[in-house]
Structures are given as C-alpha cells and as structure tokens.
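Q: Protein chains in written order, with our numbering: chain A, 9 to 116; chain B, 43 to 537; chain C, 1172 to 1671.
Hints are computed from structural coordinates only; laboratory data are not their basis.
Every residue gets a Cβ at the ideal spot worked out from N, C-alpha and C, and that includes glycine.
Do not rely on the hints blindly, as some may be mistaken.
Claimed, not checked - Covered stretches of chain A (in silico footprint by chain B; criterion: 3 or more residues with CB under 8 Å from a CB of chain B, positions within the stretch not fixed):
{"hint": "1", "segment": "70-76"}
{"hint": "2", "segment": "95-109"}
Unchecked claim - DEER-style ranges, computed between Cβ atoms:
{"hint": "3", "chain 1": "C", "residue 1": "Ala1550", "chain 2": "B", "residue 2": "His49", "range": "35 to 41 Å"}
{"hint": "4", "chain 1": "B", "residue 1": "Pro426", "chain 2": "C", "residue 2": "Phe1517", "range": "17 to 23 Å"}
{"hint": "5", "chain 1": "B", "residue 1": "Gly259", "chain 2": "C", "residue 2": "Phe1517", "range": "45 to 51 Å"}
Here is what each chain is made of, one letter per residue.
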Amino acid sequence: MPTQDEATPTLTREDVIKVAMLARLALSDTELSSLTEELSKIVGFVSQLSEINTDEVEPLAHPLDSQNVFREDRPVPSLTTADALRCAPRHDEECFLVPAVLGESGSA
Amino acid sequence: MTAESHHPFTTVIGLEVHVQLQTETKLFCGCVTTFGSSPNTQVCPTCLGLPGSLPVMNRLAFDLSLRAALALNCKIASFTKWDRKNYFYPDLPKGYQISQFDLPFSYEGHLEVIDPKGVFEPRNVRIIRVHLEEDAGKSMHDEAAGTADSRIDLNRTGTPLCEIVTEPDIRSPEEARAWLNELKLLLVYLGVSDCNMQEGSLRVDANVNLHIPQPDGRLAKTPIVEIKNMNSFRSVERALVYETERQWGEWQATHAEIGSMPKQTRGWDDSAGVTRGQRHKEESSDYRYFPEPDLVPVTVSEEQVAAVRATMGEPPAMLRKTLADRWKIPAYDADVLVNQGPELVEYFEDLAKKVGEGKVASNWMQQDVLRMLNERGGRIADFPVQPAAVADIIERVKKGDFDTGRGKEIFAAVLETGRPVDEVVAGLGIAAVDEGDLQKLCEELIAENPKIVADVKGGKEQAAGGLIGQAKRKNPNVNPGKVRALALELIRALP
Amino acid sequence: MTMTTTSATELASALQKGEITSVECTTAFLDRIGSTNPTINAFLSVDRDGALAKAEAVDTARAQGKPLGPLAGLPVAVKDVLCTTDQKTTCASRMLKTYEPPYDADVVRRLREADAIILGKTNMDEFAMGGSNENSAYGLVRNPWDTNSAPGGSSGGSAAAVAADMAPLAIGSDTGGSIRQPAGLCGITGLKPTYGRVSRRGLIAFSSSLDQIGPMARSAKECAMLLQAIAGHDPGDSTSLNTPVPDYLTGLEKPLQGLRIGRVAEHFGEGLDQEVAEHVEQTFAAYEAAGATIHEVELPHARYGVPTYYLIAPSEASSNLARYDGAHYGHRWDGTPTDDQGISTFDSPLVEMYCRSRAEGFGPEVKRRIMLGTYALSAGYYDAYYAKALRVRRLIRNDFTQAFKKVDLIGGPVSATPAFKLGEKTDDPVAMYLVDLYTVGANLAGIGGISFPCGFTKTNLPVGFQLQGPALSEPLLLQAAHQYQQTTDWHLQRTTAIPS
C-alpha cells in the first residue's frame, strides 16, 4: 500500500480560496478549513507519483487509439425553444435569464 | 495620415482574427447556423451543453479550415487534437470552449498585402497559427432599461470558427486595414467564410504597441494593448490610429515600458472614437487547458493536403495576375475587379469572353456595372442585367448603332425596367437612323449654320463638332461619328 | 415460480412461452421494490405507471405475434446517471433535483428498442463520485447483506437492487470501479466493458476518458444478455468503438481448457483482508481444476493506479461539472444572503450566483474533487500533477499490454475487504479512495473487467473476484465468469438480512 511522503506540499487557506474562486464555489468557513486539511492530505498522497521517473514517457490522455471521427455537414432538427428553456431556472419566452452580464466575455 | 510621419517610433501591430466557417451546421452538432433566427431556435443538447451530451466533429468545418490554412501558406500538422479552455460565462454553457492549445492543426504561414496606390510598401505578414474552435453564444443586456437580468441566446454557440493569429508584423493602421481586406478576400474566394462583419462572421482583435528608439540606441517598447469591439475594418484602422496616439501620449507622460504592468485590454467605442480600458481579472486567465476527452485526434496525410490544394482554385493575388494577362487589362483594373470578389470576377470574365475585348469589358464593369451595383446594393449574383445583355449593348455601340453615351442610357433602362435590350432600344425609339434621314438632317444643319460651314471651309474641321450637338437634339438616335463624317463630306462638296 | 428470484434468462423464456406475462413479472418486481426499497433506498425514483404501461404493450404485441426486442418484457433498473426523457435524471445531486432531460441516453434508447421495462432510476454516489454510496444527496444505500454496511459505489443502488431482488438486470457505470466494486460487495456480477464498447451519449459525465456503462445482474449469463442489448457503435459518441459486436451468449458454454489466468503477487500484499484472500485463492484453484493454468504476472505500476486516477478523474470532472452553474438548468441560488464567514466577496452578481448555486448544489465529495481537479490543472501545477498522471497512465497501460502477452486474463480481488460499515470511511477521503485499488487500472488502460461472487465471509458478507482482460475481451471475461458459475452457486445465494 502506498504511503504518504512526509515532505509533501501542503495547501494554505489562501491557496484553497484561490482554487475555489477558479472553480466558482462559495465555500463556507467550515468547508475552507476542512478542505485546506483534506486537500493537503490528498495532494500529499497523489504526490507519490513524483517518485517515478517519467522523463521518457509520453502522456496518455485517452485510452483509445482511434482517430479521424467526423460527421457530415447535414442538419439535424433542433430542440424547440420551449424544450431548450424548460429546465432553466429563469427564462422569458425566448431566452435564458441570468444576473446582468457586463463587460466582455472571458474568452480571449 | 500615418502615425510614423509625425512621431519617432514604429507602430507594431499583430492581429487575431476569428472567422465563422461557411458550413450549414455547427462544429459539433447538427444544428443549423443561420444568422438572425429567433433566439434559442437552433440549439440541441450538445450546443446547450446539457448533461451527457457529446460532440462529433463536422468534416466540412475541418476541410474548410484546412483550406484556409493552406491558402495562408501554413504548415499542416500531421497530428492535431482539441483541448478544453475552461472559464465560466453564460454564453458558454459547458463552462469550457473546445479549442486547440498546444497542437493546432496548422502553423507558420504568411499572407502578403500590396498597396496598389503605393502608400505603403508590400508587407508580408507572418501567421503564427490557424486553429479550429467553437463559437460562444450571445448575451444581451439592456443597460438603458436598467434591468437586473441579461438574456442569453445560444443559437451561435458551437458555430465553427477559424482563429488566425499573426506575428506583430504590421506597421501601420492602414496596413492593418489593407491586410484584413486581403485576408477577407482570400477567405471569400476559397469559400471558407462569407466574412460578413455585420453578422459577426469575421471578428478582429488587435494587439498594438510602440517601439521607440532611445538616445542610447536602446529600443523602448510600450506595454502591449489588446483592442476589442471593432466591428468594421474602418473601425480597426481608426482604433489603431487612436491607440497609437494614446500610447505615444502615455509614453511621454510615464515612460512606462512593456512588462511594467499586465497586458491591458481596451474596448473600441466607435461613436466616441476612443478606446477604453476594460476590467481584467488575473484569475480569469487561468484557462486550465487540457486535452478534450470527448473527441479523438485528427491526422492529415500528404495526400489529403494535396487533394485539398487541388480543389482550392486561385487565391486573389494570383488571380489578379491571371486576369491582367488573360484579358490584357492594366494591373489596376485587375485589382479593382478581383477586390470585388469571385462572383464579380466570374461576371467580368463572362462579359469579356462575349465582348472579346478585355479592356472594353473592364471599362464597362467599372463605369457602369459596378457603379450601379454600388448604388443599388446587394450582390452581383442578384444583379438583374446579365453579361449577355451588356455584351449586346457593347456590340451595338461597336457596330455604330448608337454611341457609348447612348449605350449607357440603354444599360440603365434595361436595369430599371428589367426588359430585354431589343425592347428597350425599340421603346426609346432608338433604331439605327436611316441613311436617307441622316443625309436630310445634315443638309438641314448645313443650311442653318453658315458660320460653321465657313469655318470648316477655312480649314477648321473641328468646327464641325458644333453640328453634332444640334444633330442629337433633332434626333437623339444619330451616331455622332456618322454625322461628323457625312457633314464634312457635304461641306467639302459645296462650291 | 418466484419471479423476483428467477434469472432474467429464465424469465425471458417463460415470457416467450406465455407462462407468465410481462405485467405479472413487472408487478412482482415493483411490489418487491415497494416492500424493500424503504429499507435499502436503492431506487431514487420508480416509474410504476410507465413500467406497467410498457409491460402491457409488450404483452399485447406478443399476443398478436408481433416481433419483439431481445429483452422484451424484462424489467431493468437504470442508474440515475443516464438521461431519460420520461423520468427526471438527478445524478443523485441536489444540483439536478428537478432536471428533466429532453433526450434519452443511447443506452436507454437501446433498452427501449429491446423492449425492456425500465422500472426506475437507481441511487448512486453524487455524480458517480464515491465508493460507498454514502455521497447521494437523497440518502445512502444499504447493503442487502448487512443493512449497516455500505453496498459500495458509485453504482451502489444498481448493485443493491439486484442483490435484493428488486430488479433482475441493472445498468451501472464504472469510472474507477463503480460497477465491479459494488457488485463484489453486494454479491452480484458486474461487467465494465472495454472503453468505447458502450456509447457514453446521455451518460452524465464524471471523467470522460474513464467512464464506461456496463451490465449488472446476478450471473454472467444475464450480464451477457444485457450487454448484447446495450453494446454497439454510436455515431453520436466520437469515442464509441466502430467494431462489430460479437454474440456474447454463444461462447459462454465453451470449457476453459487452456485458458491462461494471471495472478499478481502484489494484489496479496498489505491491506488485503485474510478471508478475502482465502476466497480469491480458492477461486484460482477452482479455475485450475476447470482446466485453466495460473501464471504469476507483474503490474509494476499498479500501486500508482489510485493516485494517478485521483488526478485524472478529478481534473476531467472539474471541467465536466463546470456546466452546472445555475445559468441554463439545474439549481440556482435564490438570492438569500448568508452571514457565513467563508468566501463572501464576488466580482459581480453573476459570479455570486455561480459560486453560491454551485456551493449549494454540490455535496462535499463533489466539491472536494472539483477543488482537487481545478488545482491539478491550474497554472503552475499542471505539469507536476495532471501531466505527470498522464505519463504514469501510459506506464500502467504498458504493464497490462506486457502482462497480456503472457496470459489471457488477470484474476484477483475486487476489493481489499468485504462490505465496510456505513460511516466507517467517511472522515478519511484517502482511505475511501483506496477502495478502488484493484479496479482503477482497467479504467486507466481502457480494458474490460468483470466482478462476480466467489464466497462469503463468516459474517455472511459476499466476497468478489475480478477478472480483467485486454480490450474487447468481453466474450472471454463473460465465458470465464459463466463457467465458474456453472460449478458454484455463490451468485444464487439470496440475502435474508433485509428486515421487513
């Protein structure tokens, strides 16, 4: 059974807050405390991978070897607007409604 | 006006262009991409990002982007994959955009732009990469109404986009505009995109800064600014002119150099004619790219590249030379024609073939067809007067049925009424003038104009021109050349 | 005939012969659910009306001699991770409490085309994240063999439903062992097919490069029957394999003479329960007796499977679960302010809506994994964590490739221990993650694995045996499990531990 390296990295509460903002999670005070501890422990656990030399190893992102999967440029019927909006928390007759979006998209 | 002419610096501009590909359906699903449909009528589980939905790549989108990359002289990667770019935004329902990060399908190309007016030197702009990604939807906010909500339309979500990123090789705002024109023309010729900026099928962001030589020989560089929200090539040029001046002013005030602050994004306000700083969150730029596990990689063989190349047709730069050679027209004419797009070139070539004389056809294209097309608006494909009709008119002018001016009137009438040339000619009472009638008319004129007759007799043959205007008033259908020739003959025959 | 304890294959034959009707059969299972589910909580929703309507339609069609699908009239339970148009799909999350998909998962479509009767949606760990089924927003599931123990997870509801005779057949999904481990702990048979064999379209994604749907039933033969109906190429899933589906039933009866089974010494190291070890060794002996040969093989990087998995799966999950932001569907924060001293300043009302909706909609384990995955992918950590894990993933797959040059299948335990007590591991995430020790390898490598019962402990808890095979070895995995079940009756044992 793998053991935890003693000298593994730990996360601070500030690290956890930063990650939570990236993940868009309004963590509570209690959650911030418990996650700081738990994530440190988990990160310590997964850090044991560093003991393997992988210098000559290509990353494997996917188990499949298949390539070149395409569909033809043929239209398929879309959903009705009503079906598209049916599960939306807020919507009008044609659009999703969200709290005001100001400024530019986050996209580059 | 060029900034360089006033200031001791070089303007350095790089462009990032997003082009919507001319497919019928979206990049990863079968929803159509028709512009201007009612909100959320072209959406399905995949482009709505519903739980469990999966993407499958549109083959035509990939082929079109391959075509664009080849036309931009890019190298094609033999192996390419897609990545997820993660960020939260309501127009991005999956919470990530499927894009390409470290292995774009093409890279290292270039596109040259030549200014026929010679305002700037030919500029070869290098292309860093071209990649294929999906578009986001639209969020609409009525600030005037002051409502708390934005409305989200996801019709555009998942539309295939080619992203083209240049090296910072452009040296002035007008060069940027000219290069964009050339790029647009190229993509339209290849059928890659309609590049309609009003409909958002071509969007441009510009990165700009100034390189300012210092007394000690060092080159000072101002912080790079990314300009967004430019919705026409004219806006791009104006925004860059404005930004160049703004950065120069900023430099003189602060001497702030690149690296002294994070990259700034500024939005172009077209009506105010200024760029404005946009709020930029540091954490939002941590996109956490990683390989998209719902798609498989794409490999491209040499044979595929050759096959795409074979079906590509001539890019505009080559077509300009071909047209000039084939129809013996000046480079300027070829440039004007090619810059109007492939449909117009097709129209011109059809006309030139029928007329048999390139220059005559080119003149008619520029002076009549294009002028009327611009007045009317719309596309040449929808232009009601076909090349055969124009050729017919030109033929009758050549035969001497009527003069060029009259021909232009006939052209306008054909365009206006939509009736065949024959009918219009007959309707206007424009028939070839009978020889007897012409003889009679000239005799009348000679009798009525003793002064002109005397002048001509005295050796001033050009005085006969005065008879032509009068002849046209008497009968608009007379051919001025014929009137002149006959009148001179009759005068010489006078005792 | 007690229909609820009869195998699906026998039920199918009785239905065909007209000895029973689908309405009778479906009613029997619905009644069993009615009496048992309040204790076990295996089902999140039961579609009594829909199931009976479909059963009646099948009976009518049969009476009229109309052609019917291969699962005609047979009840099936479906894990609530698969989209269904006629029943809400919650993924056991508060986030999707009222979510009604506008489309059927490809597997659900295939079940309907096979004329199966979908009884309802089974409980699970929220978004399939967990190994005990204690992470459901709608209550934990109890192990039918000991109601104070966990059924395993994340397909704990499907496993418990079969073990408690609430359904003869069930659909599960397996990302790191989520079919095999609960099958082992509940004493049933469960197959994780090769990655891509079954379409993932409509399977609510946890980790896209690891997720795979598979069959769960009492026996391998019933699993073969169910896999036959759900396997196959789907042009709507780019990662679906475009290779023909073999007949999984015809090869089952072939003897195992000459089969080479690998045994990994490291599987029997520290942490393996003694009783589990004994039953596993006896299973190897049974295979030898049946004509197979046992060979020692090495999987040198197997011990790194869990840390590799707990970087890759959360990384993909952090992205897959970004869509649950309260904007287009799912839970949205109602705007009620809180005075909690945690994260409470936001750039805009929109960002606050995102952050609070997600904080309210997700349970603790889901948040933990989103946090871990976000961290592993974030600037400055990507290479050390996510990219590193991808490299080790290749080493793990290479290990299997090497091993399968020497043997046809690899045998061993499914879990280090029999079912553990509810609450036993909830305070220690790493201990909980280690329950996947023997199962994550197959997901990382994309290969197949089957789990089936091979004995009971002294306290009458089932023990599972796992066989893993190379890509597309489903026929062999099913045959090997079926042959074992021809000479043993562990899979036929019924629990008496459910209080009525």
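Q: Quick check: the segment 70-76 of chain A, covered by chain B? Criterion 3+ residues, Cβ under 8 Å.
A: holds (count 5)
Q: Is the gap between the beta carbons of alanine 1550/C and histidine 49/B within 35 to 41 Å?
A: For histidine 49/B against alanine 1550/C, whose Cβ atoms are near 37 Å apart, the range 35 to 41 Å holds.
Q: Could one say that the CB atoms of glycine 259/B and phenylalanine 1517/C fall in the range 45 to 51 Å?
A: holds (49 Å)
Q: Between the beta carbons of proline 426/B and phenylalanine 1517/C, is the distance compatible with 17 to 23 Å?
A: violated (59 Å)
Q: With a cut-off of 8 Å between beta carbons, are at least three residues of the segment 95-109 of chain A near chain B?
A: Satisfied; 10 residues make the cut.
Hint 4 alone, counting from the list given before, is not met by this structure.
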